[in-house]
Amino acid sequence: MSDKLVIGIADMKMARGEGMLVTYALGSCIGICLHDPALKLGALVHIMLPLNMEAGRKNPMKYGDTGIRETLKQMEAKGASRSRITAKIAGGAKMFEVGSNSLGNIGQRNIESVHMNLKKEGIRLLKEDVGGGVARTLLFDVNSGLACIRSYGRKELII
Amino acid sequence: MAIKNYDELTSMELDTLREIGSMGTGNAATALSQMLGREVRITLPEVRIMGYNEAIEWIGGPEEITAGVLVKMGGQINGIMLSCQQLEFVNLVLDSVLQQHIEDYSQLAELENSCLIEVGNIMISTFINALSGLAGMDVTLTVPAFTVDMQGAILAVPMAEYGGQSDYIMTIGGNFVCDNKQVPCRLLMSPDLRSLNALLRKLGVSDE
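First to last, the sequence lines map onto chains A and B.
So the first sequence is numbered by my numbering: it starts at 1 and just counts up by one.
So the second sequence is numbered by my numbering: it starts at 1001 and just counts up by one.
Any given hint could be a false lead.
[Claimed, not checked] Partner residues aside, some chain A positions facing chain B, computed with beta carbon under 8 angstroms: (1) I9; (2) A25; (3) G27; (4) S28; (5) C29; (6) M53; (7) K62; (8) M95; (9) E97; (10) V98; (11) I106; (12) T137; (13) Y152; (14) G153.
Honestly, the hints are just simulated from the structure, not real lab data.
Where is the CB? At the ideal position from N, CA and C, for every residue including glycine.
Could you put the whole structure together from the sequences, leaning on the hints where they help?
So, in structure tokens, the structure goes:
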């Protein structure tokens, strides 16, 4: 695929028709692929934290709740219909096992937040590859709606 | 004045942090040198305040596989300390301690892993000891955690931990030079904002 768009942390990009959206090394972060198959419109958001509690709200794409909401809004502005949009997610791993501390729970909290917010927005979650202890690179083909997940020491996974 | 964001640090405060980095990394280098039985020096220590994606480019790209040792700081300073050990460093340690050499990370077994964890842990502890001695602050450390994975995801751990406070990550740390060759092993300390303010106040550079 020629046009590959790279999505950084707390970032979102969209493509229509043809195109590959890529986000690298998702640890506890989650990559959310949103897809309207009729328009072949796809968006990939890379969120880092579950809930937006910032007063200024400078960067909505950093958080599960505002990230999903804002992306859906932008997709709808391009003509997507909420009833057709489906989601696939990957990430939410626990990179380090640190004692009894709360550290490392962020992955799990991100998964819960994304599930909850997709449900709240009425978006169907088709497939997911979440949790565990491995980092994931997520590639999302907006034409087919297929997502490919690359991890270290694990076979490539297509969802 | 207590800062609310990393970019509010004055040049004097940055200098102080650089000095902490220099002292901490210097002590860690001495410890490393004793463990390896080789001369180890440090490069110029750095204090960096970076956006998330900038930080990942700086450490050498998101997908590069690296070994990471992580320790969480508690007590009077909260934060995360990371030792990112790239393959060259791993081989330096394994060669000196176990007389072994690996081609890639998949060859690491239990013994090699514990060797890397221990080396990382000792360097981190020496760094923190020097810091807590200088500032007169009590710092507790957790048992080290270890993983081998994409370094983007490893670096995202301190980012996510303090992501609610800031869009930036601050790291204090440096690289090592062994046998006149730069060895990529980054020792990074990321304190939370409250602890950073407390630390600067203790050291007397934060004007209240």
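TODO: Enumerate the violated hints, using their earlier numbering and listing them in ascending order.
DONE: none
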